[in-house]
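Trainee: Line by line, the protein sequences give chains L and C. Heads up: the first sequence begins at 4 in our numbering, then just goes up one per residue. Heads up: the second sequence begins at 4 in our numbering, then just goes up one per residue.
Quick caveat, the hints were computed from the structure, so don't treat them as lab data. Treat the hints loosely; a few may be bogus.
As the list claims (entries may be wrong) - Below, a list of computed lysine-lysine pairs in the DSBU-like style, where the Cα atoms sit at most 35 angstroms apart:
| # | chain 1 | residue 1 | chain 2 | residue 2 |
| --- | --- | --- | --- | --- |
| 1 | L | K5 | L | K355 |
| 2 | C | K270 | C | K29 |
| 3 | L | K270 | C | K270 |
| 4 | C | K186 | C | K303 |
| 5 | C | K270 | L | K303 |
| 6 | L | K270 | L | K303 |
| 7 | L | K29 | L | K186 |
| 8 | L | K270 | C | K303 |
| 9 | L | K305 | L | K5 |
As the list claims (entries may be wrong) - Just so you have them, the derived chain L footprint on chain C, three or more residues with Cβ under 8 angstroms:
| # | region |
| --- | --- |
| 10 | 183-189 |
| 11 | 339-348 |
| 12 | 389-396 |
As the list claims (entries may be wrong) - Here are some chain L residues pointing at chain C (derived, C-beta under 7 angstroms):
| # | residue |
| --- | --- |
| 13 | M277 |
| 14 | G322 |
| 15 | L385 |
The structure displayed is predicted, hence computed values, not measured ones. Where is the CB? At the ideal position from N, CA and C, for every residue including glycine.
There are 2 protein chains.
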Amino acid sequence: MKAAGVVVEYNPLHNGHVHHLRETRKATGADVIIAAMSGNFLQRGEPAFLGKWERAELALRSGADLVFELPYRFATAQASEFAEGAVTILSAAGCSSFCFGSEDGDILAFEQAADLIGKHRDRYESDVRRLVRTGMSYPAALSGAYSALPQPDGVPAADLTRPNNILGYHYLRASRELGTGMKAYTIGRSGSGHHDLAPDAGTGIMSATGIRRVVLSAGTMDGITGAVPPATAAALQRWREAGRPFGSWDEFWPLLRYSIIREGSGKLARIAEMSEGFENRIFGAAAEAASFPGFMERLKTKRYTWTRIQRLLTHILCGMEWEDYRSLRSPRYLRLLGMTPDGRQYLNENKKTLGLPLVTRAAASDDPMLRADIRAADIYWLGIGGRGPGSDYRTPPILIGD
Amino acid sequence: MKAAGVVVEYNPLHNGHVHHLRETRKATGADVIIAAMSGNFLQRGEPAFLGKWERAELALRSGADLVFELPYRFATAQASEFAEGAVTILSAAGCSSFCFGSEDGDILAFEQAADLIGKHRDRYESDVRRLVRTGMSYPAALSGAYSALPQPDGVPAADLTRPNNILGYHYLRASRELGTGMKAYTIGRSGSGHHDLAPDAGTGIMSATGIRRVVLSAGTMDGITGAVPPATAAALQRWREAGRPFGSWDEFWPLLRYSIIREGSGKLARIAEMSEGFENRIFGAAAEAASFPGFMERLKTKRYTWTRIQRLLTHILCGMEWEDYRSLRSPRYLRLLGMTPDGRQYLNENKKTLGLPLVTRAAASDDPMLRADIRAADIYWLGIGGRGPGSDYRTPPILIGD
Numbered sequence: 004m005k006a007a008g009v010v011v012e013y014n015p016l017h018n019g020h021v022h023h024l025r026e027t028r029k030a031t032g033a034d035v036i037i038a039a040m041s042g043n044f045l046q047r048g049e050p051a052f053l054g055k056w057e058r059a060e061l062a063l064r065s066g067a068d069l070v071f072e073l074p075y076r077f078a079t080a081q082a083s084e085f086a087e088g089a090v091t092i093l094s095a096a097g098c099s100s101f102c103f104g105s106e107d108g109d110i111l112a113f114e115q116a117a118d119l120i121g122k123h124r125d126r127y128e129s130d131v132r133r134l135v136r137t138g139m140s141y142p143a144a145l146s147g148a149y150s151a152l153p154q155p156d157g158v159p160a161a162d163l164t165r166p167n168n169i170l171g172y173h174y175l176r177a178s179r180e181l182g183t184g185m186k187a188y189t190i191g192r193s194g195s196g197h198h199d200l201a202p203d204a205g206t207g208i209m210s211a212t213g214i215r216r217v218v219l220s221a222g223t224m225d226g227i228t229g230a231v232p233p234a235t236a237a238a239l240q241r242w243r244e245a246g247r248p249f250g251s252w253d254e255f256w257p258l259l260r261y262s263i264i265r266e267g268s269g270k271l272a273r274i275a276e277m278s279e280g281f282e283n284r285i286f287g288a289a290a291e292a293a294s295f296p297g298f299m300e301r302l303k304t305k306r307y308t309w310t311r312i313q314r315l316l317t318h319i320l321c322g323m324e325w326e327d328y329r330s331l332r333s334p335r336y337l338r339l340l341g342m343t344p345d346g347r348q349y350l351n352e353n354k355k356t357l358g359l360p361l362v363t364r365a366a367a368s369d370d371p372m373l374r375a376d377i378r379a380a381d382i383y384w385l386g387i388g389g390r391g392p393g394s395d396y397r398t399p400p401i402l403i404g405d
Numbered sequence: 004m005k006a007a008g009v010v011v012e013y014n015p016l017h018n019g020h021v022h023h024l025r026e027t028r029k030a031t032g033a034d035v036i037i038a039a040m041s042g043n044f045l046q047r048g049e050p051a052f053l054g055k056w057e058r059a060e061l062a063l064r065s066g067a068d069l070v071f072e073l074p075y076r077f078a079t080a081q082a083s084e085f086a087e088g089a090v091t092i093l094s095a096a097g098c099s100s101f102c103f104g105s106e107d108g109d110i111l112a113f114e115q116a117a118d119l120i121g122k123h124r125d126r127y128e129s130d131v132r133r134l135v136r137t138g139m140s141y142p143a144a145l146s147g148a149y150s151a152l153p154q155p156d157g158v159p160a161a162d163l164t165r166p167n168n169i170l171g172y173h174y175l176r177a178s179r180e181l182g183t184g185m186k187a188y189t190i191g192r193s194g195s196g197h198h199d200l201a202p203d204a205g206t207g208i209m210s211a212t213g214i215r216r217v218v219l220s221a222g223t224m225d226g227i228t229g230a231v232p233p234a235t236a237a238a239l240q241r242w243r244e245a246g247r248p249f250g251s252w253d254e255f256w257p258l259l260r261y262s263i264i265r266e267g268s269g270k271l272a273r274i275a276e277m278s279e280g281f282e283n284r285i286f287g288a289a290a291e292a293a294s295f296p297g298f299m300e301r302l303k304t305k306r307y308t309w310t311r312i313q314r315l316l317t318h319i320l321c322g323m324e325w326e327d328y329r330s331l332r333s334p335r336y337l338r339l340l341g342m343t344p345d346g347r348q349y350l351n352e353n354k355k356t357l358g359l360p361l362v363t364r365a366a367a368s369d370d371p372m373l374r375a376d377i378r379a380a381d382i383y384w385l386g387i388g389g390r391g392p393g394s395d396y397r398t399p400p401i402l403i404g405d
């Protein structure tokens, strides 16, 4: 059986994601689609709108055959580490190709970008450093240094100022550097952009941000039924009926604030991604701010992007310190969140050749990377209420459609 | 002006405490009464029912002239360290005497107890160690070793199985060992015992435990008006009307549970008073228990007393680690929580001879012991709601009756 990989968050899963899964199968000719999916905290440094088990089930009902958890260490990291973690998992799971959504939608443009940066690496990296020193944020510096490179002949290089293009470039680069041999594909994102709030008139596709906003403001799912598969609307409805708040920083603000006060500036300095002196700013803001938006208002600076700050806050919330963060370099397991019958058959056929140990029962493992995943899951449930901490240890993989 | 000291928690202040303050003034002939009072967490390892500022005000309205905060480091420590901290503060504040409430009510019985243990120290200490090795709790071992000592001639030595007698003995011993020269007095506790729930028929005195229980179960203060001064009933009523829950572990359980999950067993081992291996039991119990009583049910053992476990949980909640705990040996300041005009006059007359620096504005100090006090106050307010964290820095001492 031939497998193709995708890297996803599904926050929540919508028609654009269904399209991506369908087109991935078509383009790659794969028998099974394997998803590396973030757990309960996402790359923008935010708690997921729905829990990982719910999102894994939606993935399996919408075209994926196997869902592996992208460990917390990578799911909440900057783009390059996020991509390295995800690509490592897809490769270890035996994918012969992977396919990402992008604004450009042309894989040659990404090959050009990777070649271009590879060819001018010294100049590119020194430009990045120079721009960061002027007070520019790291992503802005990457983008600025990239734009200054001489355009290649032929197909133009991908526009690395756009969010999905940036991730796509990192997947491609990680796959090359890790020597996975996976063939890369990209599908143009049709319809709404990353943060557009209104559905696209032609396709009915609405961004995940737009969907979350509609769900939070409306009492029913009527406003999103044209933009999500029925399974997503039903999962959101069940979540609400269970009395759970949808995941957001507003829900986690009391715990975040408490952990900041409890740690104090001194211990905050140990937190992963903390840069020198910022711990004092965080401590002062937590004492003063009465809400998460007010807190972020006090934290924001030109030098750090909003997502960089939120990732740091995620590490504070989840107690991820530099020491552990640095020691967890590369994925060490494939944690199975769910499968379809095809996915199960694929696993049975390939279990002896997987590149990493398969984890189906987390309770059986004592890996510190996995413990960090479990801790993040537990803390998510403490903030949301509902399942108790420790439940993640005991939850077996979902099996859909047997 | 002559000053006498008392060591108090006032959780909350009741008629027995008023009696103690009045009798202290009478017995010692002091012009001012100085109270060393615990902050928002108490020696039994519990959050205070009312905040420290409220309790300081009650003290000043009921016979005390100056209230200094017993730093968190001592207020939540075992009896001997609690006593050393409190006696150090009273002595530094210039008290020429101190007076404690006790079941025995005869200072000679305490002198006998101190002499007896002093005379047989080696035997006593080796007996304590032996009994602890048999699995007995530390307080039970102290009590067992003490009972086995030969009774002295004359006045019988104090019964050191009773809670206030134990504290009284430690005050006396600390005062001798520190060489304070303060004269010791004791007042017999009249009326209800430490945990009696009904008011004493003769005196109308009700234990603080009984008062808290009545306040929690009734919508009005009617059931306690015979047992507390009007100021206490009014303070409790104001607290309730402000929509604040009274301090208890039930209120802090969500934060405690989160901090346990966030730390994990590995980091819990760093917490002050943690004994080896107990961190695993705490972590496992926090994952399983859905309430504080259920949690304690899973933790209790023959070896550790309920209060010892609760003190440890207080240190987890407040992030007090062994490293800091061990480095904070003795009080380093007199933090003024409030004063009467007499108290102010006393301070003016004696400020140059105080044994420790006077702190009236916490924001002006960077002492790590004081930071721990502020942190505990902040965390109390995060659990209770109401004042923001950081408010303790800015709160000026209370001045009553000017």
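Trainee: Now tell me if each hint is right for this structure.
Mentor: Verification of the hints:
1. L:K5 <-> L:K355: Holds - the C-alpha atoms of L:K355 and L:K5 are around 16 angstroms apart, at most 35 angstroms.
2. C:K270 <-> C:K29: The hint is violated at about 51 angstroms.
3. L:K270 <-> C:K270: holds (12 angstroms)
4. C:K186 <-> C:K303: With Cα atoms ~40 angstroms apart, C:K186 and C:K303 exceed 35 angstroms; violated.
5. C:K270 <-> L:K303: Distance of about 30 angstroms is within 35 angstroms: holds.
6. L:K270 <-> L:K303: holds (21 angstroms)
7. L:K29 <-> L:K186: holds (14 angstroms)
8. L:K270 <-> C:K303: Given pair L:K270, C:K303 holds - Cα atoms ~30 angstroms apart, limit 35 angstroms.
9. L:K305 <-> L:K5: violated (46 angstroms)
10. 183-189: violated (count 0)
11. 339-348: violated (count 0)
12. 389-396: holds (count 3)
13. M277: With Cβ-Cβ at 16 angstroms, over 7 angstroms, it is violated.
14. G322: holds (4 angstroms)
15. L385: Result: holds, 5 angstroms to nearest chain C Cβ.
In this structure, the earlier hints numbered 2, 4, 9, 10, 11 and 13 are contradicted, and the remaining ones agree with it.
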